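Please put together the full structure from these sequences, using the hints given.
Quick note: the sequence shown uses full-length UniProt numbering, first residue 1, plus one each step.
Where hints are given, some of them may not hold.
[Claimed, not checked] Here are the simulated DSSO-like cross-link-like pairs (lysine-lysine), alpha carbons at most 30 Å apart as the crow flies:
hint, residue 1, residue 2
1, Lys-105, Lys-26
2, Lys-22, Lys-109
3, Lys-105, Lys-22
4, Lys-45, Lys-105
5, Lys-32, Lys-73
6, Lys-32, Lys-45
7, Lys-73, Lys-105
[Stated by the list, open to error] What follows is a list of derived Cβ distance ranges for each label pair:
hint, residue 1, residue 2, range
8, Asp-29, Glu-63, 17 to 23 Å
9, Thr-33, Thr-88, 30 to 36 Å
10, Glu-63, Leu-41, 32 to 38 Å
11, Thr-64, Thr-88, 27 to 33 Å
12, Glu-90, Thr-36, 51 to 57 Å
13, Leu-51, Gln-9, 37 to 43 Å
14, Glu-24, Leu-78, 14 to 20 Å
15, Ser-18, Ala-89, 37 to 43 Å
16, Ser-67, Asp-29, 30 to 36 Å
17, Leu-100, Arg-60, 15 to 21 Å
If you're looking for bench data, these hints aren't it; they were derived computationally from the structure.
Keep in mind it's a predicted model, so treat the numbers as computed, not measured.
Beta carbons are placed, not taken as given, at the ideal position from N, Cα and C, and that holds for glycine.
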Amino acid sequence: MLDALSGAQWFSTLDLASGYWKVEMKTQDREKTAFTTPYGLYQFKVMPFGLCNAPATFQRLIETSLSGLVGSKCLVYLDDVTETFCRTAEEHTARLQEVLDRLRKVGLK
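Following this line, the structure appears as structure tokens:
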């Protein structure tokens with residue numbers, strides 16, 4: 001990842017807030033996340049942290065959302081997105097806006 005930043009004069013790093021909670025669980029899989037409290041039985045409607053496949057599922061969501069940009073305009077590792085390879089502020093601003101627009105379309109902030 002550091003090699004990709006070599007020579008870049010401008011870059012931004014984004015850490016997506018609560019990204020896993022933007023991934024809706026399939027109805028038939030929700031019971032697998034069930035837990036009980038003194039107030040009742042509950043299950044997640046969105047993907048919680050701690051599921052064994054959660055990181056891979058989230059990585060797939062990010063890479064699909066940023067298809068065509070990953071590797072050429074940004075780097076992705078789980079919920080971290082680094083917009084790279086920019087030598088001017090104008091190029092950086094345009095690429096960053098493109099990444100943010102794509103993430104916003106799928107509800108990620």
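Are Lys-32 and Lys-73 close enough, with their CA atoms no more than 30 Å apart?
-> Outside the cut-off at roughly 37 Å; violated.
Kindly confirm whether 30 to 36 Å is satisfied by the beta carbon distance between Thr-33 and Thr-88.
-> violated (46 Å)
Taking the beta carbons of Glu-90 and Thr-36, is their distance inside 51 to 57 Å?
-> Given about 55 Å between the Cβ atoms, the range holds.
Should the hint that Glu-63 and Leu-41 are 32 to 38 Å apart at their CB atoms be regarded as holding?
-> Since Glu-63 and Leu-41 have Cβ atoms about 35 Å apart, the given range 32 to 38 Å holds.
Starting from Lys-105, check that the Cα of Lys-26 is at most 30 Å away, please.
-> holds (20 Å)
Take a quick look at whether Lys-32 and Lys-45 sit within 30 Å of each other, Cα to Cα.
-> holds (11 Å)
Do the Cβ positions of Leu-100 and Arg-60 conform to the proposed distance bound of 15 to 21 Å?
-> holds (20 Å)
Go ahead and decide if the range 14 to 20 Å is satisfied by the Cβ distance of Glu-24 to Leu-78.
-> holds (19 Å)
Okay, Ser-67 versus Asp-29 on CB: inside 30 to 36 Å?
-> violated (25 Å)
Holds or violated: Lys-105 to Lys-22, with C-alpha atoms at most 30 Å apart | holds (12 Å)
Given the range 37 to 43 Å, decide if the beta-carbon distance of Leu-51 to Gln-9 lies inside it.
-> Taking Cβ atoms as reference, Leu-51 and Gln-9 lie about 40 Å apart, which means the hint holds.
Starting from Lys-22, check that the Cα of Lys-109 is at most 30 Å away, please.
-> holds (10 Å)
Consistency note: the structure conflicts with the earlier hints numbered 5, 9, 15 and 16.
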